[in-house]
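Enquirer: What follows is each chain in one-letter form.
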Amino acid sequence: MIEGSFIEVKSLRKKYGGILAVNNLDFTVFKGDIFGFLGPNGAGKSTTIRMILSLVKPDHGQINIFGLALSRNRNRILSGIGAMVEEPRFYEYLSAYKNLEILSRLSGKQTNRKQIMDALALTGIEERWNSKVKTFSHGMKQRLGIAQAIVHDPELLILDEPANGLDPRGMKDMREIILRLNHEFGKTILISSHILKEVEQMANRMIIINKGEKVVEGNVQELLDAAVLDLRIEVSEPLRAFELLKKNFSAIVTRLESDDMLIMKVSKPEIPIINKTLVDQGFKVYAINPVNSLEQYFLEKT
Amino acid sequence: MMMPLMLIELKKVFGRKRSYIGFLALLLLVSILQIAMWVEGKTLIDMVTQSLKDSFVMEGNLLNGYFISFMLMNALWVLLPFLVTFVAGDSVAGEAHSGTLRIMLTRPISRTALITAKFTASVFYTFLIVLFLMVISLGVSSVIFGTGDLMVYRTSLSIFPEEEVLPKFIMAFGFSFLGMTVVASLAFLFSTLTNNAIGPIISTMAIVIGFTIITNLNIEAFQVVRKFLFTTYISSWMLFFDFEPDWQQIGISILVCLGHILVFFFSAVWIFNRKDILT
Numbered sequence: 001m002i003e004g005s006f007i008e009v010k011s012l013r014k015k016y017g018g019i020l021a022v023n024n025l026d027f028t029v030f031k032g033d034i035f036g037f038l039g040p041n042g043a044g045k046s047t048t049i050r051m052i053l054s055l056v057k058p059d060h061g062q063i064n065i066f067g068l069a070l071s072r073n074r075n076r077i078l079s080g081i082g083a084m085v086e087e088p089r090f091y092e093y094l095s096a097y098k099n100l101e102i103l104s105r106l107s108g109k110q111t112n113r114k115q116i117m118d119a120l121a122l123t124g125i126e127e128r129w130n131s132k133v134k135t136f137s138h139g140m141k142q143r144l145g146i147a148q149a150i151v152h153d154p155e156l157l158i159l160d161e162p163a164n165g166l167d168p169r170g171m172k173d174m175r176e177i178i179l180r181l182n183h184e185f186g187k188t189i190l191i192s193s194h195i196l197k198e199v200e201q202m203a204n205r206m207i208i209i210n211k212g213e214k215v216v217e218g219n220v221q222e223l224l225d226a227a228v229l230d231l232r233i234e235v236s237e238p239l240r241a242f243e244l245l246k247k248n249f250s251a252i253v254t255r256l257e258s259d260d261m262l263i264m265k266v267s268k269p270e271i272p273i274i275n276k277t278l279v280d281q282g283f284k285v286y287a288i289n290p291v292n293s294l295e296q297y298f299l300e301k302t
Numbered sequence: 001m002m003m004p005l006m007l008i009e010l011k012k013v014f015g016r017k018r019s020y021i022g023f024l025a026l027l028l029l030v031s032i033l034q035i036a037m038w039v040e041g042k043t044l045i046d047m048v049t050q051s052l053k054d055s056f057v058m059e060g061n062l063l064n065g066y067f068i069s070f071m072l073m074n075a076l077w078v079l080l081p082f083l084v085t086f087v088a089g090d091s092v093a094g095e096a097h098s099g100t101l102r103i104m105l106t107r108p109i110s111r112t113a114l115i116t117a118k119f120t121a122s123v124f125y126t127f128l129i130v131l132f133l134m135v136i137s138l139g140v141s142s143v144i145f146g147t148g149d150l151m152v153y154r155t156s157l158s159i160f161p162e163e164e165v166l167p168k169f170i171m172a173f174g175f176s177f178l179g180m181t182v183v184a185s186l187a188f189l190f191s192t193l194t195n196n197a198i199g200p201i202i203s204t205m206a207i208v209i210g211f212t213i214i215t216n217l218n219i220e221a222f223q224v225v226r227k228f229l230f231t232t233y234i235s236s237w238m239l240f241f242d243f244e245p246d247w248q249q250i251g252i253s254i255l256v257c258l259g260h261i262l263v264f265f266f267s268a269v270w271i272f273n274r275k276d277i278l279t
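Respectively, the protein sequence lines represent chains A and B.
Just so you know, we're using my numbering here: the first sequence kicks off at 1 and counts up by one.
Just so you know, we're using my numbering here: the second sequence kicks off at 1 and counts up by one.
Everything labelled a hint here was simulated from the structure, so no lab data went into it.
Please note that a few of the clues may not be correct.
What the hints assert, rightly or not - Not the full set, but computed from the structure, chain A residues with beta-carbon under 8 Å of chain B:
| # | residue |
| --- | --- |
| 1 | R50 |
| 2 | V56 |
| 3 | N75 |
| 4 | L78 |
| 5 | S79 |
| 6 | A83 |
| 7 | P88 |
| 8 | Y91 |
| 9 | R105 |
| 10 | L106 |
| 11 | P168 |
Claimed, not checked - Think about it this way: if two alpha-carbon atoms lie no more than 25 Å apart in a straight line, the pair counts; the simulated DSS-like pairs of lysine-lysine are:
| # | chain 1 | residue 1 | chain 2 | residue 2 |
| --- | --- | --- | --- | --- |
| 12 | A | K132 | B | K17 |
| 13 | A | K15 | B | K275 |
| 14 | B | K11 | A | K98 |
| 15 | B | K275 | A | K132 |
| 16 | A | K57 | B | K275 |
| 17 | A | K197 | A | K172 |
| 18 | A | K114 | B | K11 |
| 19 | A | K109 | B | K11 |
Think of the CB as a built atom: it goes at the ideal place given N, C-alpha and C, for glycine as much as any other residue.
Based on the sequences and whatever the hints tell you, model everything.
Expert: Listed below in structure tokens is the structure:
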């Protein structure tokens, strides 16, 4: 077992009929992580999450959670996990409170009224505690999805596309809730998302998978630093700047995008060096912006 | 964990309006038939007993609650499988379809415990449906029409004295519950196989109707298969109203029904424990 790991996935494989959904997947989530789980549609994210939650049986491989093998300690492990798998579904004819009451009772922990109301308050829907779920908007159901995941105070949260279908305001709120759960309440969080910007703003570690296989895993910042980014440089005399950069950084692909804009393919540590070169040569650098950092990285890797 | 799970499952069954459709349908049909018998019952009894009046002296109240109840049991027997299948067939597949099954199974409860709780809730619903039919057909009819000897025509005409009738009805309704539990168990088994409640309900009803046709058609070729069909046994409640009930046959029917229930239930447990939850 890897020291400090909360989730350890080893050689995981799952086949549906003739389709290989997950193949030889390994990754580790450490205590305290917000772990981004990225991949294009059909990459095998949901299948992996379902295997971690024991909804789907792996064909091969091992999953250890809290240092215990999932295959032999399912109930013990699940009592420490709160999960939201894809779009959260509830008993629509029951109130939000009743839904949480039922689900918390099934969690094997004594949950009182205050804990249920606290979970609803944290997710910002306490005023609608007694409303039937069928009257809830999509955004409110997403919030209730988080509430049901945290109501029994689990150590580990597994959130599959929690911001899916939310408007920008809803996405921001969701991000704040997740960050609060990690920073304030010490929850370890595995979050899958196709909204890459969200993961970039929340996760400290991440994995990218494609066609069921791991592409890359590691610290988000380190991966981004090592990644080659499109850098958009707004500068005075762009034509002369273009010639200078081509001469000084011959290994870097540079092109002139418009009258005042250059595009360079660089890694993050090279940005200040390029800036210094331009300034030293008397150019006025108006702006240097990396274009869609994680998104570009994701696209390159998948 | 079993007890809270069962209570939750019962809450879910009785928290849905559609669970009451069965009760409402029975109430409506029984009321209509009771009103019809109130209006036309005497004529019907006169027609049935017309040929007997030359040889026998008919005394007392033959159009009584027991007679009405027996008639209602015969008439509504075909409806009961629909009503129990409606809930049992929806039990697992309905939740798989709505996505609530996956949220339940992310909790630390064993799949066997969950499926057992769901099965128990379906059986309890079946019990309540049969009990409700008993109360409104036997109870209400006895209040409206009074009690008396029961005249029954099966292979021959039998008239049972009043004091023997109530135990017969209790045993008949008890057996009906067992028979309907077989149907509910089959629907429940199908419910674990799919992710849509319509499939189990239609499949169960197709099997019940198909087997019933084979059981009841007097065709020589069907004689061989008949004894292998559960529909031959689930309607054995009628045997209690024979002049001399065949207790051995009743015993066999009980064992066959119990055997079917156990096979259907354990198959459902086996399947559910191996099922990938993809909805």
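Enquirer: Hints the structure violates: just list their numbers, smallest first.
Expert: Checked against the structure, the hints that fail are numbers 11, 15, while the rest are satisfied.
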